[in-house]
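As given, the protein sequences belong to chains A and B, one line each in that order. Residue numbering for the first sequence follows the working numbering, starting at 1 and increasing by one per position. Residue numbering for the second sequence follows the working numbering, starting at 1 and increasing by one per position.
Hints may be right or wrong, so weigh each one.
[What the hints assert, rightly or not] A few chain A positions that, by computed beta-carbon distances, are all more than 10 angstroms from chain B:
1. V16
2. L57
3. L171
4. R203
5. P402
6. P566
7. L625
[As the list claims (entries may be wrong)] Covered stretches of chain B (chain A as the covering partner; in silico rule of three or more C-beta atoms under 8 angstroms from a C-beta of chain A):
8. 56–67
9. 154–161
By construction, these hints were calculated from the structure, which means they are not laboratory data. Glycine included, each C-beta is placed from N, C-alpha and C at the ideal position.
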Amino acid sequence: MNAPMHLAPLLGLIAVWLMLGAAGLVQPRSTGWVARVLFPLGALVALGVAAIGGAALADGFAPERWVLPLGLPDLPFHLRLDALSGFFLALLGVAGAGISMFAAGYFREGEGTAPGLLGLQYHVFLASMALVVLADDAYLFMVAWETMALSSYFLVATQHRIPEIRRAGFLYLLMAHVGALALLLCFGVLHGGSWEMTFDAMRGGALPPAWASVAFLLALFGFGTKAGLVPLHVWLPEAHPAAPSPVSAMMSGLMLKTAVYGLLRVGMDLLSGGAWWWGLLAMALGLGSAMFGAVFAAVQTDMKRLLAYSSIENIGLIFTGVGLAMLCRAFGMHALAALALAAALIHAFNHALFKSLLFLATGSVLHATRERSLGKLGGLIRRMPWVALLALVGTLAIAGLPPLNGFVSEWLLLQAFLSTPAIPHAFINMIVPLGAAVVALTAALAGYVMVKFYGVIFLGQPREPSLMHAHDAGWLERIGLAWLALGCVAVGVLPQVALDATAGVTQALAGTALQRGPAPWWIAPVATAQASYSGLWLLAGMLGVVAVTFVLVRRLYHGRVRRTPPWNCGYPWLTPRMQDTAEGFGQPIRRIFGPVFRIEREVPSPTDSAPRYRIRIDDRFWHALYLPIVGAVRGVADAVAVLQRGRLAVYLLYSFLTLIVLLVFVL
Amino acid sequence: MNPHAYAFVLQLGEAVLAVALAPLLVGWVAQCRAWLQSRSAPPLLQPYRTLRKLFRKDAALATHASPLFRGAPYVVFGTMTLSAAIIPSVTVDLPLAQVADAIALVGLFATARVFIALAAMDIGTPFGTLGARREMMIGFLAEPALLMVLFNAFLLFGSTALPTVVEGTLRAEGFALHPSLAFAGVAFVMVLLAENARIPIDNPATHLELTMIHEAMLLEYSARHLALMEWASWLKLFNYICIGFTLFAPWGIALHGAEPAPLLLALLALVAKLACAGAVLAVIETVSAKLRLFRAPEFLSAAFLLAVLGLLVHLLLGT
């Protein structure tokens, strides 16, 4: 077969990634070589990947296939580039470029794994994610999936000398494999006894509805584990903070999206929709995760854990969109399905941008201050103006505020929910509008969380004297952050471009593309009379009014300023300790959503001479679901261990008894 | 005059009208309250005088205030003015009305809220952060309730674009009373009270440190910055009331901006409706007592549930 036009250069780029990784081993200890030379090259490659992925989104792009002469005998690797994989490649490339650029300035000596090895793991991770979305047979998919899990495990465990990080890495590896096992079983069901492992065969093979449902449930479990869907999320708030910041950004921004891709590929492509309750289930799990993530994010005191919970929230919103799309498609409402799917895809893209941006910003803060705890930060906007400005863009975007990108996808999702009363099913009619309420509540809670995040880190007064020496990020880091912030603004002001990019995917998976808006900066996905939104005009209007106000105030009055100590209601002895802490900021949430948390309080007695106050907030799922499972596994292991006495005589006795039993059985 | 330029003038006129009328509305509410509470009323134009006084003063700025602190008043004021331009309070024939539907308006209000809260945290005083956290708490409870109110309107008129909603009501034959809108109306008033720092939730007239929300966030502001923040909060009240008009009482709003007669009528109708709404607001504030802060979630969940009830009533009755 001739090499296809897009796939061949794409594979070339992926190979360059691997070579860059290998090149790091030439001088594994040299940060200058690995970080300053190889990572920026990796960023360029990522841009190339994004460009080819974007080309696959153009109108009339015919899916390209290629069979590689690699793999097992009779089971070569099949590759396919279509709109869906193109979209996720574009996501991977755009966000990956920013992260690689940042990483070039971030990694430095003396932090765990040698830079060369880190570079290898990093680029293998990138390449495996690209292969996951390109795979066209179950075999290559699982190989790439496992490579992704393993390379990211090594990246999480970079600082393996710290016991908590080893523990977090182990939990991640365990959950990744439980999920992978479910996927393996899912593909086992999907081939339907034909032993054809290509996705083409699975797409064509008509499974009985019951088996199709089993396959879907397995896929939901497997991909849900990777995505961090509640209650399979426990690894996520442990692993994300443990990893170095660029790796956290990759895992949260990019790797979680491969799970979304997988669910779309299996649920909507290979199984082509299926029963309506599939969508309802995915939606319910998504809504639950969104709510759970937002509420837990609000009470976190570690900045990276806060972002990790916020990832659970955003993944929940994406799954909600996917579930709604499946639900609508099952009822034959293709336009609505396309709208919900577009909302989910754009939110996935947006999340890759702003969550990477924020994780990277925490990396800069971490390097500047050596602090991760929100209780010891504060006032960094004056010490790190660049990081503060760029993080502000990410903060506003993730809080879902117009005119930035987070609002676009939330707006689309709400519009999709609004149209659900047209579904011809009374029960769903009643239930689904409540989903819209949960989405609205989650979006509003995200605002709360992000005000806490930004306010406690960057605003106020430094809570520790050492913060006075914090320094701003280097220029390589700034380029990475600025690239992602630019993406947040671009998608926000040009929403129709993002909507066009999803047209190919919605055409393939939902059966129709959305109505085009009047201009690139103007979306009206259903009809202009129903709802329209223009980010660019909103931004222009805001800037215009602000400029006019500023000029008028200066012209008519004056711009005089007198610098004084803070007023503070007349109390002059203001210290940084009087500010609200991160715990304090989460207090209303603890109070309102009290039953959701497992709270342990330690309050001193009145006579205590050295009083200590402590509050510990835990995940109920960990105690109610995971610890019993761990206990059960331990119990079974102990029971089996009874057999193992460590004495030769006992083992000989076992052999003897087995022989006797077999003899009796045969005779 | 060519139609584009005319539409532009109309758009600008509406925004300027809102900015100019908002202090008057607040003065009117204060006056009604004073009458109801047997106090001697402040002059109707008192808010304008306050603004002039504040704009003339030198701004006292904390030594370590960041650019965000200085910029936030402009952003908040700009956001509120832009929202005022988008809401069809006089005519539906506005070029900017298509830029943002009701959901985007809620988003714009959220933008303003986040900026106020961030600015309040910037100086690092205990009251500022306290106010920020309380404001965000009220905000995240009120926003879903407001969206549910808007969904009620959507179910009736098939649109979240406010001009379409207005046209839907005005073009309807006969006078139809929608039961779902009654629920939504009550919920909307509750959200309006909470979001605008009005009495059951917050008291705009006091500086009592332990209970205040909105005022706590503005404590560090002075002079022109304070003036812009106050003006923006008055505009917010004006905007909320105008959104209420478009949803529940759109009578008088001109469907075409081309002729002057309906426009004049719309203007008069708007002033009359604002006077009524201000009086009603004063009555509500007079007859109710301020809630404890932690009763606020109950108040707002009640609003939310009412709005959801409205949805369910609509779906069950089909009207």
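Hint by hint, here is what the structure shows:
{"no.": "1", "hint": "V16", "result": "42 angstroms, holds"}
{"no.": "2", "hint": "L57", "result": "26 angstroms, holds"}
{"no.": "3", "hint": "L171", "result": "31 angstroms, holds"}
{"no.": "4", "hint": "R203", "result": "37 angstroms, holds"}
{"no.": "5", "hint": "P402", "result": "4 angstroms, violated"}
{"no.": "6", "hint": "P566", "result": "4 angstroms, violated"}
{"no.": "7", "hint": "L625", "result": "28 angstroms, holds"}
{"no.": "8", "hint": "56–67", "result": "holds (count 9)"}
{"no.": "9", "hint": "154–161", "result": "holds (count 6)"}
Of the numbered hints stated above, those contradicted by the structure are hints 5 and 6, listed in ascending order.
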